[in-house]
Every structure is written in C-alpha cells, then in structure tokens.
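Asks: Listed below, chain by chain, are the residues.
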Amino acid sequence: MHSYMSKIKRLVQPGAAAVAAVLVLIALGGISHDLLSRIEERSLFITGKDYFMDCLAHPAGLGSYIGRFLNQFLIFPWMGALLAVILLAAIFMTVRKAFDLPGHLSLLALVPPALLLASDMGLGYGIFTIKSQGWFFMGMTGYLASMLAVWAYRRSGLIAGAGIALLWSSLGYMAFGSYAMVATLCMGIMTIRKEGKLRLPVCSSVLGAAVLLPRICSSLYITIRPQDWFLAGIPAVNLTKEYFCCWGPVAILMLVSLAAAGYHASGWNKEPSEMTWWGIQAASVILPVAILAGFWFKDANFMAEMKMHNAIGREDWKEVVRIQDSTAERFRKSDEKVFAKRSAELAGVNDNSRVNSIVKEYENRFYSPSRLMVMYRNLALCRLGTQLDQMYSHKDGGQKQRMPELIPLSLQGGKEIYLNYGLYNYSYRWCMEDAVEYGWTPETLKYGAMSQIAAGNLKAAEKMLSKLEKSMFNRKWAQQQKELIENPAKLQASDFYAFIKQLEPEDSHLSNDVISIEAYIMNSFTTERPAGGTPLYDQVALMWAMQSQNIPNFFDALLNWMKSHHNQDIPLYAQEAAYLYGNLEGMEEVNMLKIDKGVKDRYAQFMQYVQQHPVRSEAEMRYQYGKSFGKTFYYYYYFIRNLETY
Amino acid sequence: MKRTPYIILLLLLASCSAKVPGDALQQDRQPAIWPDYTNLTIPSNIAPLNFRIDEPGKDFVTEFSTASASITVSGRKTDIPEKKWHSLLADADRIEVSVYAKENGRWNAYRTFTLEVSDPIDPYISYRLIPPSFEQYEELSIEQRSLESFWKKTIYTNTLVQDDQNGQCINCHHYRNYTTDNMQFHARQYLGGTILVRDGEVSKINLKTDSTLSAGVYPAWHPTHDFIAYSVNQTKQSIQLTDPNRIEVQDMQSDLILYNIRENAVSIIENQPDQFECFPAWSPDGRTLYYVSAHFEAPADDSRMGILMDNYQEIRYDLYRKPFNPDTRTWGASEMMIDAASMGQSITLPRVSPDGRYLMFTQGGHGIFHIWHRDADLWMLDLQTDSVRPLTEINSPDVDSYHSWSSNGKWIIFSTRRDDGAYTRPYLAHLQEDGTFSKPFALPQRDPDFSQGFMYSYNIPEFMKEPVSISPREFAGAMMEAASPVNYQNTVNE
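Line order of the protein sequences matches chains S and X.
Okay, so the first sequence: first residue is 1 according to the numbering used here, each after it adds one.
Okay, so the second sequence: first residue is 1 according to the numbering used here, each after it adds one.
FYI, nobody ran anything at the bench for these hints, they're computed from the structure.
Certain hints may be false.
A partial selection of chain X residues facing chain S, derived with a Cβ cut-off under 10 Å [stated by the list, open to error]:
no., residue
1, 134
2, 161
3, 171
4, 240
5, 261
6, 331
7, 419
8, 421
9, 423
10, 472
11, 476
Just so it is clear, the structure is predicted and the values come from calculations on it, not from any experiment.
The beta carbon of each residue, even a glycine, is placed where N, CA and C say it ideally should be.
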C-alpha cells in the first residue's frame, strides 16, 4: 500500500504539470485561436539593423525584440500556443531550480506561469490600447531570463554571485526591464542563505543595486519618463484600481517571486505529513486554476469580434454572418431562463418603480451583440448583396465592452469598415492614428496599404508594402498587393477594390468623424449621395437609411434605389420600412409601391400583438416581442433604439 | 589547421578592397540609383552620398574619382568610408562616379555621372520628427544631425514628460542667426509653454495674454535686437472625405505679435479684423517684416467654423511687408507685395536669403498649411528686380514646402513628399550665380534604404552653425516648471 501511494505521489506532480500544459495548449490554440491571430496583427517584427536598434532604444528593448519575434508565430495560432506552452513550461522548471523548491512545493512553480498567462489573457480589449509591442511573449521571456539569472546566482559563491547580481541589475534591466530588477531583489534576499563573512554587506549591496542601478540605467534612455523607470518592460495598461485585471497578475508575480526568495532564504524545509503533502498539491493546482479563471477575460462578444475581424480579413463574408448567428444562438437558452426568472419576479408587481428596477436589473443579463458585431455583419451582408433582405434576420443590439473604459470602435474596426464602405481616407486615418499611438503593425500596414491603393496613392501603398515584405509571414500578402499595383489591369479586375470604388463619394469636403464611426458612415450614406451614385451605392445607402430610423432619410434613399434599380422588386426589409413609415405618416403614396402580402400581414399581426401586449417599457418587452417579431423591421424600429455607439 | 584564422583574415581583407573591373561592357546610360544622386552640385563638406544601385546584378563596384584620388567600394548599397570621402572632397572640384554591375558572369559599366563640389554648407540641421497622422500624436522629437557625417542626437523629446493620459505636442524650433545659444520651441497641451534659450539659459514662458489670440506660434527671431515676431493662431484641422490631400489645417483667426525679450512683453503687430496674418519673417537687416495674410469675412460667432470649413478653397494668402525700426520699436504701414489671391493662389512661408536678395515662399491653390497640399511649390521673388518665378528646377508633382536658407545663402533645405507621397523628406539644393538652383538631392543617409523604411516625417528643417548643447533632460527639467507669464504692451506706430 505504501509503495502504491509513493508511486502515485511520484506521478502526481509531473502528471499535473503535463495536464496543465495540454490544457493551456488547448485553451490558447483552440479556444483562443482567433484572439491569438488578432494579437499577431497588433505587433510587427521585421528584419534589419535599424529595427533592432529601434527596439534597443527603449529599456527592456531586448525583451521587446524577442517578444516581437515570437509574436509573429501567432499568425499560426497553434504554433504560437505551442511556443507559449514551451516558454511557460521552461518557466515552471526554472522557478523550481531558481528557488530550489523542495519536492512537496514543486507544483507551486505553476503559479508564476499562470500569472504570466493571466496577465496576457486578462487584457481583453486592452490589446488595442497596450503601448508595447510583442507584449504577449515579453513577460514570459523577461521572467524566464530573470529566473535563469536567479538560478545562476543561487549556484554561485558569495562574491561571484554579487558580480552576477550587479551585472543583472544593470544589463538585465536594460534587456528585460523590471523583471530583472525583481530578480536582483530576489538575489539580495537569497544572499542570507549564502556562506561567508561578507554575507550581510553583499546582501545589502545587492538589494541597493537592485533598485539603484536600474534607476541609473533608465537615465540612459530618453524614451521613458524618469518616474516610470520601474515599469520598464511591463505591459501596463493603466495603473488604476479599475484596470487591476490587466496589471494585477504582474504585480502579484513580483510579490510571489520575492516571497519565494524569502522562503529560500529562511532555509525552512521540513518534510510535511502525508495529509499536508496532499493538501499542498491540491492547493498548488487550485491556485493556478483560480488565477486563470479569475483573470482570463471572458466575453463572448469580444471573441466573436476577433473571429469576425479575421473572417473579414479573409473576405469570408458568409463566415462573418455565421459567427454572429452562432454567438447569439449560444445564449438562446440562457436568455429564456433569464426571461422566465424575470417574469416570475415581475409577476404581481404593480408598482412602476419596482417594475423598472427589476427590468433594469435584468437588462444586461439578456444577450445582445455589440455594435461592432452588428456593423461587421451588416458589412458582410452588403458584400454578399443581401443586406436589404437579411439584415433584420439576425440579432441586433448594442452590448458594451466589458471594460472600465470603452475602446473606440474606430480604433478597433475603423480601418476595415471604412475601407469597405469606400471611405478610404478615413480608413487610412485610423491606420495612422493607431500606428502613431501603438506603433506600426501588420494590421495598420495592411489596411494602410489597401486604403492607399483604393485612393490611387500607389507610392504610399508601396512604402507600407515594402515594410511588410520584411516580415516573415506577411511577405506573401504584401507581394500579391504589389503585383496589383504594378499591374493596373489586375488592379482594375480586383473584385475587392471594384466594390470599394463603387461606394466612393463623388466630391470631397472637410469633415471629421469625431471618433464615432457608425454615426459618421450613416450620415455619409444618408446625406452625401454622389450625383452619379451607382446601384451598389444606393443599395448600401438604403441599408444605412433604414438603420438611421429616420423617415425622410429612408424615403430619399428608397427613391434613389428605385431610380437605379428599374423595375426591380423592393427588397423585403425596405418594403417593411416603407409600409410601417407610410402607415405612421399617413402617406397614401405608399400604397402605390409593390408591397408583398406577407409584409402587410406581419404588420397587422404586429399591431394586433401590440394591442394584446401593451408596452410599458421597451426594455421590459424587448425579449418577448423579439420571440415573435425579432426578424422584422417593425421590431428593429420600436425595440432597438437609442443605442450608444462609441 | 593553425593557418585557418589567417586564411579567414586574408579572405576578409580581400573582400573589403573592391577593384574596378577591367573588362566591363560599357552601357550607354547612367545607372539607376536610389536616392538619385546623379549629376549634382554638392557642398564641399557634405556627408558621404551613399546610394543603392537598382540595376540587375550580383556583384557591384562603385568608383568615386577625382583627378588625384579615388575611392572604390563594393556592394549594391555603397558604404563610403567617411574619412576617405572627406579627403576626396577636400581637393576636388568635381567627382566622377562610375558604377559597375556583374550580371551572368559579365561586368557592365554604366555611364559615369558627376558630382560638382561647391560652396560649403552649415554643418548641422535640426528638424522635428513627426508621423504624418491626422489628430493623434505620441512620440515627437526635435532632432539635430550633422550634414558632414551621420551623427545625430535628440534635442528634446516629449517622451521625457508625457504619459498615457497627458500628451504633449512640440513644435516650431527656431534659432537666432543660425546659432543655438539663442533658440526656442513650443510645447502644447501637457506642460505647455514656450521654451526659450537666451544666451544659453533655458526658461519657459507663456506668451498668451488676455489681449492676444493665443500663445506664440510661428516665430521669427530678430537678427539684431532682442525681439521675436510670432503669429498667434487659432487653428482647426479637418479631414478630406476623399481628396488625396487628406488633411486641411485652417486658421480660424490669426494675428501677429512681437515679443520683447528684454522687457518680457508682447505687443500687437497686426490684428486686422477679417485678415488672417501669419508666418512672419525678418529681412536680414531687421528693418522689414515679411508676412502673409488672407482676407476673408466670416462672423465671429458659432457659425464661423462651419463657414470657414465650407469655403476653405476660397481662403488665399497674399504676401505683405511692414517696415520696422528696431531701435524705436515703431512700425510703418503694411504693404501688399504679391496679390496672390487675385491669381487664385495662396502664398505661405516667406523666407529671405541672408544677403537680402531673394525671398523664397511656398505657393499653392489655397490655404495656409501647404505641407498638406500636393500642388504646393517653391517660388522665389527677386527683391532687386521684383521678378517672381516658380522654382521649376527643384519642384516636384508632390508637396514642396518648408524651406530654409543656409547661413551663407548658397544652399537651401526644403521639405518634400516627392519620394512616397506621404512622408516629408529634406532635400538640399545649391543656389547658382544666375539665381537658379542645381538639381535637388535627398539628405544623405548611412543606409540608402533608411528613408524608404522610416515612418516619420521631417518637419521644419533648419540650418545651424553648431549643435544644440543643452541636453534633452535639461529641456525636460525646464518643461516641468510653470511657465512665466509675459506682459502686454501697446504697439507704437509711425
């Protein structure tokens, strides 16, 4: 029995580590596949001395350079995930060695990798506002290098160790930033365990150097504020309480490292009892799981947006629509439960303020797509040419990002949305704004080049493509675009650019989107039709006019559509809008339009339902009406209103 | 085995010394090179003109020769040794450049081109590096660079003070008579103010008073007295829906002021209603102030911005001059020199040559911010003969704008987007005896590919006789201080 237990004990730790590695691999490469791909787009690695020197101009420059190099492999998410798992596994093993963790505490070395992974996967929409590139691997490489230095220090004598510490506190800081500083602090603490008369002076010198040398080294750089020296290399977003989810894991990692050094310095190594041993193993597994579960950013819309963006990049428009539908479908049952629960709570309540408070409490529990998802989906429908027949067949809404501060949609999706709607100066604008704030990335270079090709500014496009050609995995795409530039006939034959050209406004004028992409595009299509508007333009303009819920805008757009689509049947949702608005405004002319019987019947049913189920508030009745009329313009007009776009 | 390191060393040495091929097949054309450095007039103290050979081939040799010496380098991209280059320039009136390319085992020799060695140029320039973005800015810096070598150093960068929440824009670096112990630049938004260096002492001032539109914007340091003329502007930047110019920067209001450094006071130079006065520039004797001004009538209420935006193509600037007595600080009446608006044109950035003979300006179809106007070209007014002409010999189909004279008046440096249509690059050109310019050429770089991959614009290139010795951190220290207020004093007119 004893030998059986000891066999199990021997297997528990490697088994748990292996399971953890496999689970992380699946979570990253499988579940977060599209997020990794999006992260790849947000960081650029190119070959060349100038690029290397640019990286080194910042503290933690080498870490950033390595991080950017590894980041490019995320373009193949499984490969990127595997690289991450290898690095995390290396950290796990190095931490054990660095702090000489006794056997029963070995599994606790899973905590630092978990914190590093949490710091990456907890960012959520922060991936759009993080200023350092290569951040996904930067923490891992910086911490791994620092733990290797601690390991080397532990195995060295007092004086040699002091040399390592001094060197690491300066060179390590310049190469990997604050991770090196914490490692040197660990070294200082661990000096207490070393033998030699000079132990205490060395300990205090190392501790002093751990802070002073990085501070001095930071003054060699003019790319960092003097007061921010201790943040070098850390992908901090905003050091406020609200953003603890982003910087918290790194802060905890630093404290955990210092605690591990303290444990080593204490020399306490008592073999635990059997029960305690199992307790420690259980805690060592639960702790990393709890860290990851707590910090991992969980938002179905966020993941859907990543997927939809990637599908747009592939011009897989059907997939864009499918992703939105499948995301909504996942919440169908939970919405029903929420509705049932809310109905139970509302039953018998007559006090209006109480009703409102219950409705408000439940409002955000119902699933709703984000505005970006809706814009992506409508764009895809435009590309497929089915927007006027299908746009209200899919769920609409305006769920906000689950972040302390909203990230402008223009920054997230402005580049591709503007470009596809023919507003290429604005697409270029958001490439530039993004690149200025967060550095040039494959995303900004790609859309920057495409917007310049669409604008006919081929020299500027070529410049961006040349930069992209220096990257390992985006080279082929850049070469394909260059081929288009060099071959005007091919460019003219390109469906992608031909679509954009058909939506191009005729006259330029001065304007500003004031960051609000949806309102700007809506205004552009509903008020600025070019004299020679193409049939495609009128089709897209009609869609935006319907989205605007503005009656005069709709009829203007419908007339334009009818002029450019001679003798064609009015599309389904345009019929619904015309019939509804005609009835609301008492417009006899609407009867002259060819409106399907089904459209009229649905309208009658809707009105009958309204009489049977009076609407106390939109929020209260939205779900109930949605079940019966969710796929009609009538529902959109009455229940999808006043959505905040940002 | 013991001889291996020596063999490697010998091979390395052999690879360093390029030889001109003797049996090359002569081609009847000059080589395609980037940047285009063929047939130039160059300063006698310019940094090596490295270029990339855009001809087919595997091996390349380039020979730079004068009557008495030569340098031979190998490789598609030339990497001319600096010392040898300057020795070559020192004794030469002319350098002949021969390019050879080896393709399919056979050497081709391209027709030789020449570099005429002429007057020296100021040894340094400074410029702002800025991404040509729309509204955002992040890392901005004012840089200095040697024209005799590839040495460069940051004068000041906003990364030393700004954070994620508080951005700082920096602009308008300017020197008194090309020396750097009297200089200035502005910071906007976070820790805003004007950094003024006076006889090497750094201070920060706030040029905004209750009686003036804004803090100082475009500066012109008086050549003999302690005055700086500024425009004060309220500007608006908008985006073009589809126009390739992309951005339009407009004055909503603008005037001219004079800052009296000794008395720490500003006074109005020009603030005519319905006139947008801008871009002051002194004559070398300091007795005339040149500037541009547009006449446009718009109500001073909420509708003003919309009206100005809708009519942006109708706002055109004319060239003016205004006499000034620096001893009595009195102004004469303004006089229009060129009525550009009547010709459907708009003049900006007047700059007078150090000998007072020429006035160079930028001209485009409308507006004030020609750096965003593709039709913007350099023009020159001969102040002796009053003749004016476009500088067709140096202009390009793209933007040609911000220009600056060297201290000896023999060279100009100007900003142009001719290379890629998006990023401004500094080009140099020589003023010849007959008042025309030699072929312009790009600022030399150690790596000829540098400019093509560089994602910043060179903004406001200015010549300097010496480098700025104040460190970025000293400037940052001054920036952290509160800006000292200035007084307002009345203008004295004749």
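Asks: Honestly, which of those hints from before does the structure not fit?
Replies: 3, 5, 6
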